[in-house]
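Protein chains in written order, with this note's numbering: chain L, 1 to 290; chain E, 1 to 290; chain R, 1 to 290.
It cannot be assumed that every hint is accurate.
As the list claims (entries may be wrong) - Cross-link-like lysine-lysine pairs, in silico, DSSO-like; alpha carbons within 30 Å at most:
| no. | chain 1 | residue 1 | chain 2 | residue 2 |
| --- | --- | --- | --- | --- |
| 1 | R | 254 | E | 84 |
| 2 | L | 95 | R | 84 |
| 3 | L | 282 | E | 211 |
| 4 | E | 115 | E | 171 |
| 5 | R | 84 | L | 84 |
| 6 | L | 122 | E | 84 |
| 7 | R | 282 | E | 66 |
| 8 | L | 84 | E | 84 |
Worth flagging that the hints you see were computed from the coordinates, not collected in a lab.
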Amino acid sequence: MKSTELTAKYENKEELEMLAKMLENVRNTTPLVHNITNYVTVNDCANALLACGGSPIMADDVEDAKDITAICTSLNINIGTLNKNTIPAMLEAGKIADSLGHPIILDPVGAGASKLRTETAKTLIENIHFSVIRGNISEIKALALGEGNTKGVDADVADAVTEETLPNVVKFAKDFSDKTGAVIAITGAIDIIADSNKAYLIRNGHPMMSKITGTGCMLSAITGAYIGANQENILEATAAAVCVMGLCGERAYKRLNANDGNSTYRNYIIDEIYNLNGEKLKEGAKFEIV
Amino acid sequence: MKSTELTAKYENKEELEMLAKMLENVRNTTPLVHNITNYVTVNDCANALLACGGSPIMADDVEDAKDITAICTSLNINIGTLNKNTIPAMLEAGKIADSLGHPIILDPVGAGASKLRTETAKTLIENIHFSVIRGNISEIKALALGEGNTKGVDADVADAVTEETLPNVVKFAKDFSDKTGAVIAITGAIDIIADSNKAYLIRNGHPMMSKITGTGCMLSAITGAYIGANQENILEATAAAVCVMGLCGERAYKRLNANDGNSTYRNYIIDEIYNLNGEKLKEGAKFEIV
Amino acid sequence: MKSTELTAKYENKEELEMLAKMLENVRNTTPLVHNITNYVTVNDCANALLACGGSPIMADDVEDAKDITAICTSLNINIGTLNKNTIPAMLEAGKIADSLGHPIILDPVGAGASKLRTETAKTLIENIHFSVIRGNISEIKALALGEGNTKGVDADVADAVTEETLPNVVKFAKDFSDKTGAVIAITGAIDIIADSNKAYLIRNGHPMMSKITGTGCMLSAITGAYIGANQENILEATAAAVCVMGLCGERAYKRLNANDGNSTYRNYIIDEIYNLNGEKLKEGAKFEIV
Chain L
1 MKSTELTAKY ENKEELEMLA KMLENVRNTT PLVHNITNYV TVNDCANALL ACGGSPIMAD
61 DVEDAKDITA ICTSLNINIG TLNKNTIPAM LEAGKIADSL GHPIILDPVG AGASKLRTET
121 AKTLIENIHF SVIRGNISEI KALALGEGNT KGVDADVADA VTEETLPNVV KFAKDFSDKT
181 GAVIAITGAI DIIADSNKAY LIRNGHPMMS KITGTGCMLS AITGAYIGAN QENILEATAA
241 AVCVMGLCGE RAYKRLNAND GNSTYRNYII DEIYNLNGEK LKEGAKFEIV
Chain E
1 MKSTELTAKY ENKEELEMLA KMLENVRNTT PLVHNITNYV TVNDCANALL ACGGSPIMAD
61 DVEDAKDITA ICTSLNINIG TLNKNTIPAM LEAGKIADSL GHPIILDPVG AGASKLRTET
121 AKTLIENIHF SVIRGNISEI KALALGEGNT KGVDADVADA VTEETLPNVV KFAKDFSDKT
181 GAVIAITGAI DIIADSNKAY LIRNGHPMMS KITGTGCMLS AITGAYIGAN QENILEATAA
241 AVCVMGLCGE RAYKRLNAND GNSTYRNYII DEIYNLNGEK LKEGAKFEIV
Chain R
1 MKSTELTAKY ENKEELEMLA KMLENVRNTT PLVHNITNYV TVNDCANALL ACGGSPIMAD
61 DVEDAKDITA ICTSLNINIG TLNKNTIPAM LEAGKIADSL GHPIILDPVG AGASKLRTET
121 AKTLIENIHF SVIRGNISEI KALALGEGNT KGVDADVADA VTEETLPNVV KFAKDFSDKT
181 GAVIAITGAI DIIADSNKAY LIRNGHPMMS KITGTGCMLS AITGAYIGAN QENILEATAA
241 AVCVMGLCGE RAYKRLNAND GNSTYRNYII DEIYNLNGEK LKEGAKFEIV
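Produce the complete structure using the sequences and hints provided.
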């Protein structure tokens, strides 16, 4: 931790207990999460949801999605392979989940990379009250600032969050939260989870996670479970989910041997989510609050 | 086995030989199975089909599905992520497969959880002669009794099959088989595989299988291969497939170490299906006939 | 190597260096590959692309695909689960990628097995300049000769490439390359990678690769990265990708223990792609040029 402007609170016992409680609430209540998500990483999202203690259901036809979302605890909308059939399902399911008071998370995959993605994400935000919007810095900037320099589904290098830019990014996230009413989760090497007043800076994770497809999608899916089980603590629940994903990335990395690569790493990350408990989370979470 | 009303026949050598023969017929004939299935678990279904000795093909556009089903041995219809484009493909492929005398299995994922799922499953049953209908107790009850209390894609607790309710569930399955002409496979902690006269009660499996997405879908897919290779013995072929899946769940569980979780477990289950042979099946099958 | 008509050049040092250079160019430039592919194997394709050093993005709605393909390096079109919504996306993305000079690969999965697949593949070839067309012998014959005896997604036995038929198949591949302007990659026990003048015969691989769904799809995806990073050497780039996939199949097979099956094998193949470098490729590549 080099930045002197940020106060480290890694040892804040109360905060650690809170994160652990978020995890345990998921395991104790098995929230049913409705996912309208992409077909690239959907299987990993389902297994990650089961691993963390939630229960997944996928439904993306507009008629089906309306009924399914009503029996769920929360809704996860991921635009990774959006199309003209699933966009109306996202909107309708979102409106119904909203009217039922369900927490809803948006993962604007590739916002900024195509007009359809950027405009769909914006339309969703205009019509649905999201509890959480989670993306990389390029995606969130595309939504907040109208810029479009996203490189595919990964953050553009020009947007990189560094120790130097961190204070500005925190302010940007708090402002965008203030504007949207959603907790903003900007994930990358350093994760910023902010509402309009408070931000968690999380330093869990491992660079090799970027060599697996779907770590972001899996994080959004398990965040869906965390906010479903912790509806009064959306910010803390989101921060807990982000710590969980990053910590499991670290723990899984330690299991790898010289012959293992990204496929085994993917399996081990989901395995770690399956085996994580509150005690391990308290030991491994690396965060501060600003 | 506590129920005194049910006669245990675990040691029935003739039945064990029959199950082993079902397995070997799959390995010897490599049935090509057309799957119209959900995008959540489709990759695992394809690998499970290859593992058991079958060959998978997926086609869900109505024009494509009609041609593809004609060159296959059997058809597996799974409504897990049904939509307005795939429902007509299910109907048309089903009618063609039916007219060609192909065995067809229905997996009514989430029937009872949404109107679209329940009605689609009913429409399919009205228009296609299924050889097998396989689901959890909540899904099968939704189809047979018109009730709708399915909790997502898992069985509702109120529907749980216990030793006490087992005789009633067996009668229910036999009656629904009589009505539909299909073998009814109700899977859960205890599996009931019934035609109108005879039922297998199967006690293979492991509770951790419910922590993987797609064990039910994989079972339906491999049942597609088993009924394709054993068209004169649909009941026995289905019972064999159910034993295989459960036994592989048991065997895979024994391979797990303390760090493994549901993702590794998924891989090991498919691996066990790949390595299973008639001898292992005869040693491990746990069933009785009522 | 039994055929006396073919000259072995396994020790051609210049060719080996060229293949290794193809690999290193991928790792050094991280080509972004747009994939319009099937939902069965898409996750493995994405992880294989990341493993080889590329970056995947999937977009199959026609509006989205047009924008996404423009920001990519190359395009991979796989018709494995084509439908009426994705076919226009294939055509439009192909035309745009073509106009931008992006290398494009076609994987005509199941051509010959259904009218829709055969006709779609032909329409794509008529309207788009493909750099590479990769399929099994049955699929390529269906496109070149108009025959239709493909058995599902696997090559028909009648079409098997043997030492005896190899010279004829090489001539066929060269002729079809001459007609289409694309490098033709016919993969199977022996792989033939040909332009109109030169063919690589590649003998890497392991028979167990046919027990995994998606080895062909993964190969097409990583070929997309290889041709993206080596636009001046499409033939050599394709040959390198084919050697990589086969060699990783061999190396992964050696890691298997007695309890492992096709699911672990799939993971190990992707792991091997992740860990492969130019040195290992030069040691393991088995090919000759005719």
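Do the hints match the structure? See the list:
Restraint check: the Cα-Cα separation between residue 254 of chain R and residue 84 of chain E comes to about 46 Å, which exceeds 30 Å; the hinted pair is violated. Between the alpha carbons of residue 95 of chain L and residue 84 of chain R the distance comes to roughly 29 Å, so the proposed pair stays at or under 30 Å and holds. About 24 Å separates the Cα atoms of residue 282 of chain L and residue 211 of chain E, which keeps this hinted pair within 30 Å; it holds. Between residue 115 of chain E and residue 171 of chain E the CA atoms are separated by roughly 27 Å; this keeps the pair inside 30 Å, and the hint holds.
With a C-alpha separation of about 12 Å, the suggested pairing of residue 84 of chain R with residue 84 of chain L holds against the 30 Å cut-off. Taken as a hint, the residue 122 of chain L and residue 84 of chain E pair is honoured in the structure, with Cα atoms around 26 Å apart against an allowance of 30 Å. Of the supplied pair hints, the one linking residue 282 of chain R and residue 66 of chain E is violated, its CA atoms being roughly 46 Å apart against a limit of 30 Å. Between residue 84 of chain L and residue 84 of chain E, the direct Cα distance comes to roughly 12 Å. Compliance with the 30 Å bound is thereby established for this hinted pair.
Checked against the numbered hints given earlier, this structure breaks hints 1 and 7; the rest are met.
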